[in-house]
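Colleague: Each chain is listed here by its residues.
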Amino acid sequence: DAGVTQSPTHLIKTRGQQVTLRCSPKSGHDTVSWYQQALGQGPQFIFQYYEEEERQRGNFPDRFSGHQFPNYSSELNVNALLLGDSALYLCASSTRTGVIGYTFGSGTRLTVV
Amino acid sequence: LAKTTQPISMDSYEGQEVNITCSHNNIATNDYITWYQQFPSQGPRFIIQGYKTKVTNEVASLFIPADRKSSTLSLPRVSLSDTAVYYCLGGADYGGSQGNLIFGKGTKLSVKP
Numbered sequence: 013d014a015g016v017t018q019s020p021t022h023l024i025k026t027r028g029q030q031v032t033l034r035c036s037p038k039s040g041h042d043t044v045s046w047y048q049q050a051l052g053q054g055p056q057f058i059f060q061y062y063e064e065e066e067r068q069r070g071n072f073p074d075r076f077s078g079h080q081f082p083n084y085s086s087e088l089n090v091n092a093l094l095l096g097d098s099a100l101y102l103c104a105s106s107t108r109t110g111v112i113g114y115t116f117g118s119g120t121r122l123t124v125v
Numbered sequence: 011l012a013k014t015t016q017p018i019s020m021d022s023y024e025g026q027e028v029n030i031t032c033s034h035n036n037i038a039t040n041d042y043i044t045w046y047q048q049f050p051s052q053g054p055r056f057i058i059q060g061y062k063t064k065v066t067n068e069v070a071s072l073f074i075p076a077d078r079k080s081s082t083l084s085l086p087r088v089s090l091s092d093t094a095v096y097y098c099l100g101g102a103d104y105g106g107s108q109g110n111l112i113f114g115k116g117t118k119l120s121v122k123p
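Going down the list, the sequences are from chains A and B.
Going by our numbering, the first sequence opens with residue 13, and the numbers climb by one from there.
Going by our numbering, the second sequence opens with residue 11, and the numbers climb by one from there.
Don't read these hints as lab results, they were simulated from the structure.
Idealized CB from N, CA, C, for every residue including glycine.
Hints are supplied without guarantee of correctness; some may be wrong.
If you anchor each label on the Cβ, the simulated ranges turn out as follows [as the list claims (entries may be wrong)]:
id, chain 1, residue 1, chain 2, residue 2, range
1, A, Glu63, B, Tyr61, 26 to 34 Å
2, A, Val125, B, Arg87, 41 to 49 Å
3, A, Gln29, B, Thr93, 34 to 42 Å
4, B, Thr66, A, Gln30, 28 to 36 Å
5, A, Thr26, B, Asn40, 40 to 48 Å
6, B, Arg87, A, Gly28, 47 to 55 Å
7, B, Thr31, A, Pro82, 29 to 37 Å
8, A, Glu66, B, Thr66, 18 to 26 Å
9, A, Arg121, B, Lys115, 30 to 38 Å
10, A, Glu65, B, Pro50, 32 to 40 Å
Covered by chain B, per the in silico footprint, the following chain A stretches (three or more residues, Cβ under 8 Å) [claimed, not checked]:
id, segment
11, 26-35
12, 54-61
13, 114-122
If we take Cβ atoms under 7 Å as the criterion, some of the chain B residues that face chain A in the derived model are [what the hints assert, rightly or not]:
id, residue
14, Phe49
15, Gly53
16, Pro54
17, Asn110
18, Phe113
19, Gly114
20, Lys115
21, Gly116
22, Ser120
Next comes chain B alone, as it looks inside the complex (with noise of 0.2 Å):
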């Protein structure tokens, strides 16, 4: 599973877009690169997943360059509500053997009024 390392924070205001960057050097071919978020006294959330290039969904945009030793997690128009921790894992498809997450510390995201 690939080692992840991402901002310990980040502070942000109401209405901008976050970027998060996460880089993953000694990532496998058939690694995917998947984000969760957490709020306080909560399990983590998925939000999304990816392999290259470009994913959307109704939440966040995850880009994932040609070499997929990076990848970045962005959030379009923020509100107070997206304060919180944001893990980035590299691990296994998930379509097939159900490998254990592998968690770091997160980035801490803080959107401020």
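Isolated chain A (complex conformation) (with noise of 0.2 Å):
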């Protein structure tokens, strides 16, 4: 049984470009979040999407968009990259009906030169 799939593993960008980062979530889960992690920091919630439209948003920027595929599966797009977005970013699947705990995938590594 397949965990959660995030593509590519590392990027790296030049300040101002665009990325693009994908998600394929744990068989069975319907549910999937993205996180921004800074080195020795945790998680930062960023957005979540169910049903192909984005539910709750934490304090991020417009810079910071989503999708969310008939599949589950996921992307999350950033523009005009700064320096700051250097993090290592997380997707987590969960389901909306009684799973506890959501899964992580192991991340991308973005960094921003």
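Got two chains here, each in a separate frame; can you build the complex from them with the hints?
Modeller: Next up, the structure:
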């Protein structure tokens, strides 16, 4: 049973560029959340998708956007990259019907230079 | 969602029992306490969740006193592979609304031989 799959694992981008990160949720999960984790900090909630709509959003600017597809997979897009966007981006999947705990992927390490 | 406070770091030796205490003075009536474990360059992994008294699984035990203002994660007979960051979270019941997770900085546990 595959867990949460994220791609790519590592990425280097230049300031001002745009990036797209991808996530496939665990089998049977229909809800996807994205988190940003800076070095030495806990993960910070970006947003959550369910039924192809953004359901909740954390304190992140509009440069951060996302999408969920009919197969429950999701993308995180970040425009106009800043040096401060360098972080580990984590995808977490869950269900809305009683599963305890989220399942996280191993993340995408984004470096902005 | 409850704000949690936990020690920044702890040291232990192989074979010892480790107890990590988390303070959550403003926990709401419907909040559960959940613990996650995170290894470097990996996403957090769900360990255990409880509401009150004691919960035990194959990995750990969770003790929550009657006033629910604190909780203690107990790891029996730790090994080197238990070296990780441990996060205590207070939040809504996962059986219903899938709220976002609020992580602090966690407790960095270092297990020495």
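Colleague: What hints, given by number in increasing order, does this structure fail?
Modeller: 4, 7, 8, 9, 11, 14, 22
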